[in-house]
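Engineer: What follows is the residue order along each chain.
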Amino acid sequence: MTGELSSGPPSHVGEVIVQARGIEKYFGENHVLRGVDLDVRQREVVMLVGRSGSGKTTFLRCLNFLEEPTLGWVEIDGVRADADPLHARSRAHQEQVRQLRLRAGMLFQDFNLFPHMTALGNCIEAPIKVRGISREEATATAEKYLNKVGLLEKKDEYPARLSGGQKQRVAIARALCMEPKVLMFDEPTSALDPELVGEVLRTMEELAHEGTTMIVVTHEMHFAREAADTVVFMEGGVVCESGPPEQVLSKPTDERTQRFLRRFLNLSS
Amino acid sequence: MTVGTLAGLSESEVVGSLRGAAQRARSLFRAWFIATWIVLVGALVVALWVTGNIKPDFIASAGPFILGGAGTTVLISVVSIFFATLLAMAGALGRISRNPILNGLASLYVSLVRGTPLLVQVFFVYLALPELGIILPVIVGGIVALAFNYGAYMTEVFRAGIQAVPRGQREAAQALGMPERQIMTRIVLPQAVRIVIPAIGNDFISMIKDSSLVYVLGVSELLFRASTLGRRELASLSALLIAALIYWVLTIIFSYFQERLERRMARGDR
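Protein chains in written order, with my numbering: chain A, 28 to 296; chain B, 307 to 576.
Next comes chain A alone, as it looks inside the complex (with noise of 0.2 Å):
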């Protein structure tokens, strides 16, 4: 993190591994964001908080080019992307963007699975069809990473007989199939019934425990709390505040982090 309340980067955690400068986006007339910087290091779990409408979904989704920035640059495991708006639609561009999000896990509010296709289908398919490695040895990872979410036995299910969580839980897999070296989770739950919470959140703790980086925009400050190693709170496109969650969720300094979660406290309380 930059800024002035950087204390120094948890002790599990490695190298900078996600790298985002100075990243812009307008809708038109409308700026979103107003220069982020991110970094991230290996094994480290990054929250993006603040309220609706503050960009943390925006800046997420620059990071893998689903929204093309307007301004500024995004690298991840050494491969960088720069913003380039007027010609976000030229091969060499878009062939960039590819090597970047190959390397970027992403999971969806409202988990976008395939429909027409199994469990197993949707985590088979981009590993063979685009890391072109044979069925037998894409089937093996995804029944690994299937077991590993607990939803194995599904495996031939086709979404529409999932429940809310267990869709979560595929996507992850899927993710998860292309080993990337950071995986991205656009407020994962906000979709889900209250009971069927828990399971996709376990989950998650799971996979910090075991070392997977992570980014994740969330409302839940809880889950924030006990599994963020950092929190970075954004108010009006930038950053306002960012530290380990004791920090910024406890004592934070800034007067709208402040206001943000005195209003969080009242309405949970």
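Treat each hint with caution, since some may be false.
[Unchecked claim] Each pair of labels, with its calculated beta carbon distance range: (1) A:E273 to B:E317: 42 to 52 Å; (2) B:L425 to A:Y53: 47 to 57 Å; (3) A:E56 to B:S413: 42 to 52 Å.
[As the list claims (entries may be wrong)] As a list, the in silico EDC-like pairs of lysine to aspartate or glutamate whose alpha-carbon atoms are at most 20 Å apart: (4) A:K156 to B:D363; (5) A:K208 to A:D64; (6) A:K156 to B:E462; (7) A:K208 to A:E226; (8) A:K278 to A:E233; (9) A:K208 to B:E477; (10) A:K208 to A:D66.
No lab work stands behind these hints, which were simulated from the structure alone. Treat the numbers as computed from the prediction; the structure is a model and nothing was measured. Note that beta-carbon positions come from the ideal geometry of N, C-alpha and C, so glycine has one too.
On the provided structure of chain A, position chain B as indicated by the hints.
Structural biologist: Structure of chain B alone, referenced to chain A:
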């Protein structure tokens, strides 16, 4: 106080009698509905019969021959809808393409075909193409005209189908690092096809009837057999009635399957 106690009935008795009444109303409706059909169709047949315009001998002798044309009708329709589907898929990809030439080509195709009558297109294949030195076997010519025509209408259906696939599907595929072409062939098109299958079924049923237009090419299908035989034997009314009846039965049969298909797709795994 519950409703039932008013009439001195228990609640379950009230619910039961309401359900019984609804069932009786439904079966009464169906009985009247069917009776109306039988009476009207029966009256039509009797009227034609007593005026002496229906020729039973002709029907007995020509019926099987005309019915034999139904096979050709269905064959032409099946082959044409197949090629129309391929054309429509290509057309739809053109219509959503960012390449101005491909997009222009597809738009021109749709505009041209939708702006001219099917019969003109059939004549074009029959009369105009030979002048250009292209002479197709009649059945091939019929299939070309029908596939070309339906392909244009179905292009718009396919385009809507592709656009109906949720944006998140494309994003999930992008996030997995899939290149554009693969996203289209592996993720978007298979889902779009599922979305448009009921519409293809509808078009197929229309095709069965529109395929009658290729009789002008001399394809020995249903209408061609009925009209030539009817004119030769001076029994056009009987001949055309047979043809109409066969078309009607064909569409009823295919509509039945189409409805079942539609219901299955609606249930589907989406």
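Engineer: Against this structure, judge whether each hint is valid.
Structural biologist: Here is how each hint holds up against the structure:
About 60 Å separates the C-beta atoms of E273 (chain A) and E317 (chain B), a value inconsistent with the hinted range of 42 to 52 Å. At about 54 Å, the beta-carbon gap between L425 (chain B) and Y53 (chain A) stays in the expected band of 47 to 57 Å. Taking 42 to 52 Å as the suggested C-beta distance range, the pair E56 (chain A) and S413 (chain B) does not conform, at roughly 32 Å. Distance hint between K156 (chain A) and D363 (chain B) is unfulfilled; the C-alpha atoms sit about 66 Å from each other, more than 20 Å.
Proximity of K208 (chain A) to D64 (chain A) is assessed by CA-CA distance (about 19 Å); at most 20 Å being required, the pair is judged to hold. With a CA separation close to 30 Å, the supplied pair K156 (chain A) and E462 (chain B) exceeds the 20 Å bound. Taking the CA atoms of K208 (chain A) and E226 (chain A), the gap is near 23 Å; set against the 20 Å cutoff, the hint is violated. The suggested pairing of K278 (chain A) with E233 (chain A) is violated, with an alpha-carbon distance near 27 Å, which exceeds 20 Å.
A C-alpha spacing of about 19 Å is found between K208 (chain A) and E477 (chain B), which places the hinted pair at or below 20 Å, so the restraint holds. For the suggested pair K208 (chain A) and D66 (chain A), the alpha carbons sit about 14 Å apart, so the restraint of at most 20 Å is met.
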